[in-house]
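Using the hints, position chain B against chain A.
2 protein chains.
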Amino acid sequence: MRIAFCCSHTKAAPWLDGFHRALPHASIAEWMPGDSQADYAVVWSPPQQFMDEQPGLKAIFNIGAGVDALMKLRLPPQARLVRIEDGGMAVQMAEYVCHALIRHFRELDCYEDDVRHGAWSYRKPRRRDECPVGIMGLGVLGERVAQAVNHFDFPVLGWSRTPKELPGVRCFAGEAQFDAFLRATRVLVCLLPLTPETREIMNAANLSRLLPGGYVINVARGAHLVDEDLIALLDSGHLAGATLDVFRTEPLPEKHPFWTHPKITVTPHTSARTLRDETIAQIAGKIRTLEAGEPVEGVVDLQRGY
Amino acid sequence: MRIAFCCSHTKAAPWLDGFHRALPHASIAEWMPGDSQADYAVVWSPPQQFMDEQPGLKAIFNIGAGVDALMKLRLPPQARLVRIEDGGMAVQMAEYVCHALIRHFRELDCYEDDVRHGAWSYRKPRRRDECPVGIMGLGVLGERVAQAVNHFDFPVLGWSRTPKELPGVRCFAGEAQFDAFLRATRVLVCLLPLTPETREIMNAANLSRLLPGGYVINVARGAHLVDEDLIALLDSGHLAGATLDVFRTEPLPEKHPFWTHPKITVTPHTSARTLRDETIAQIAGKIRTLEAGEPVEGVVDLQRGY
Chain A
3 MRIAFCCSHT KAAPWLDGFH RALPHASIAE WMPGDSQADY AVVWSPPQQF
53 MDEQPGLKAI FNIGAGVDAL MKLRLPPQAR LVRIEDGGMA VQMAEYVCHA
103 LIRHFRELDC YEDDVRHGAW SYRKPRRRDE CPVGIMGLGV LGERVAQAVN
153 HFDFPVLGWS RTPKELPGVR CFAGEAQFDA FLRATRVLVC LLPLTPETRE
203 IMNAANLSRL LPGGYVINVA RGAHLVDEDL IALLDSGHLA GATLDVFRTE
253 PLPEKHPFWT HPKITVTPHT SARTLRDETI AQIAGKIRTL EAGEPVEGVV
303 DLQRGY
Chain B
3 MRIAFCCSHT KAAPWLDGFH RALPHASIAE WMPGDSQADY AVVWSPPQQF
53 MDEQPGLKAI FNIGAGVDAL MKLRLPPQAR LVRIEDGGMA VQMAEYVCHA
103 LIRHFRELDC YEDDVRHGAW SYRKPRRRDE CPVGIMGLGV LGERVAQAVN
153 HFDFPVLGWS RTPKELPGVR CFAGEAQFDA FLRATRVLVC LLPLTPETRE
203 IMNAANLSRL LPGGYVINVA RGAHLVDEDL IALLDSGHLA GATLDVFRTE
253 PLPEKHPFWT HPKITVTPHT SARTLRDETI AQIAGKIRTL EAGEPVEGVV
303 DLQRGY
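Read top to bottom, the protein sequences are chains A and B. The first sequence begins at 3 in the numbering used here and counts up one residue at a time. The second sequence begins at 3 in the numbering used here and counts up one residue at a time.
Honestly, the hints are just simulated from the structure, not real lab data. Careful, some of the hints might be misleading.
Each pair may be met inside one copy or between any two copies, as identical chains are not told apart.
As the list claims (entries may be wrong) - Here are the simulated EDC-like cross-link-like pairs (lysine to aspartate or glutamate), alpha carbons at most 20 angstroms apart as the crow flies:
id: 1; residue 1: Lys126; residue 2: Glu280
id: 2; residue 1: Lys265; residue 2: Asp111
id: 3; residue 1: Lys257; residue 2: Asp116
id: 4; residue 1: Lys265; residue 2: Asp115
id: 5; residue 1: Lys257; residue 2: Asp70
id: 6; residue 1: Lys126; residue 2: Asp279
id: 7; residue 1: Lys126; residue 2: Glu252
id: 8; residue 1: Lys126; residue 2: Asp19
id: 9; residue 1: Lys265; residue 2: Glu114
id: 10; residue 1: Lys265; residue 2: Asp116
id: 11; residue 1: Lys265; residue 2: Glu299
id: 12; residue 1: Lys60; residue 2: Glu296
id: 13; residue 1: Lys13; residue 2: Glu32
id: 14; residue 1: Lys257; residue 2: Asp115
id: 15; residue 1: Lys13; residue 2: Asp279
id: 16; residue 1: Lys257; residue 2: Glu114
id: 17; residue 1: Lys13; residue 2: Glu177
id: 18; residue 1: Lys126; residue 2: Asp116
id: 19; residue 1: Lys126; residue 2: Asp88
Given the structure is predicted, the values throughout are model-derived calculations rather than measurements.
Okay, chain A solo, but in the shape it has when bound (with noise of 0.2 angstroms):
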């Protein structure tokens, strides 16, 4: 068996030498132009010419969560592409919400600022029931920051496109439901995948709709955001403040306004990082159980785009 490591921005040497640990027999190494042998693809931002060159792929694994990069190639038609589900992602993205939330709920951010300039402060406390947050996108990533979020006693709430039953989530899904969800939601988190249907669905009108001194956490893709719907709504006082770990452009552009708003927290894609031993035991397992044939977990499903 042949597995292709073909990762933009990878170091690749311990990624192969966990594939040869994990996978004994066979046979792995960094794709080179040319090389159109393997039998599964681990990736991360191929260019178009890997795609062209495998005619006998049976499954495609991304080492992120998103799979939006590899929607815009064409992908050899008999390959099933496989997302990587959880891997120490979930809880990760789990403490990055929380970590946002609690900042702006407690006014941490405000309390450390005061202290920079030598002010022991006092600030009444928000009261939590007025502080409803609504999760966009339910799967492995929403579920578990809903989770996490619950455990502190916020009120949840949570959207997908179709119906879901979480505990303690007050649930809404589709077209039909948005507007009740974004009225009820005071701190909105993007967990959604990036489809032609999520694509900017944080712009003015959605946006606007939150209750007053909404705040925004993004960690799902830059292109869900209109940033400058973002910027007005902050500027106009609409909303409070917004922590942003995705960008449309990333490394996030040298003059891009985010990087200096004073309501606006930046971090550089690292809310939920893919950790190496975890997911190589996971493309591992999955690709054992394929050579069984068996089903896996986490197949995308290209019409829906996730």
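Only chain B this time, still in chain A's reference frame:
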């Protein structure tokens, strides 16, 4: 039934209103020197004179979690001293500690600092299994914090005076197991009551037993910590940082080195605020229970000091 309200640094009117609504048949008023008719007292840092003038007190309710300030007073011998348990404080404590823990573990403070300097940076993710969190004090607050830290899959250790068993927590107890607890802890959280035994428990000898790169979160009392010992261990590099919410003198004195130390995050005693509505409801409930001749939870053991 008469209730005396004697809380320093607290605006009395909204508390009195709340008690009037919760206990319409009681007479409640702010204490003035000379008033000595109270059956119950609601206090925060009252003067000795208040206690001396209340021969008929059945119970004293402290509106914070820590009763160390009251331990320094002579209390009327027949009065029970009753603590607030939770009253909305436990979830706040869980929030505050998880925020500080995640911020340190995920290096979000460093990323935000990089962004402030215009840098899109990369840091190697830390391993969760190498970041055991040790919680000193396993009362209502400590238990809630342990549960929250557990939720983010950190290894959790707990230390208490008397042996406890908590799900998901490796529990240590007493002097005999203190050394083993410290040597297995990377992030140390202090939630102990302040007693003669726990005063200055975070000193050079004990803090230097933490795993290298240790981190201190103090949300109990300033006197649990020897300030200069913490600074020495931060400056030597054995400890990586600290988040401190409580101090020997509050507000933290203007010239104190904690204000500007680059590895210390200071907040102005805001980790778990007394929430008025929740606290009034809890005290009113306890007064009704006592009046019915039944026992209440949270009675302080004056010998033990908490």
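- What are the numbers of the hints the structure violates, in ascending order? The structure conflicts with hints 5, 11 and 17, although it agrees with all the remaining ones.
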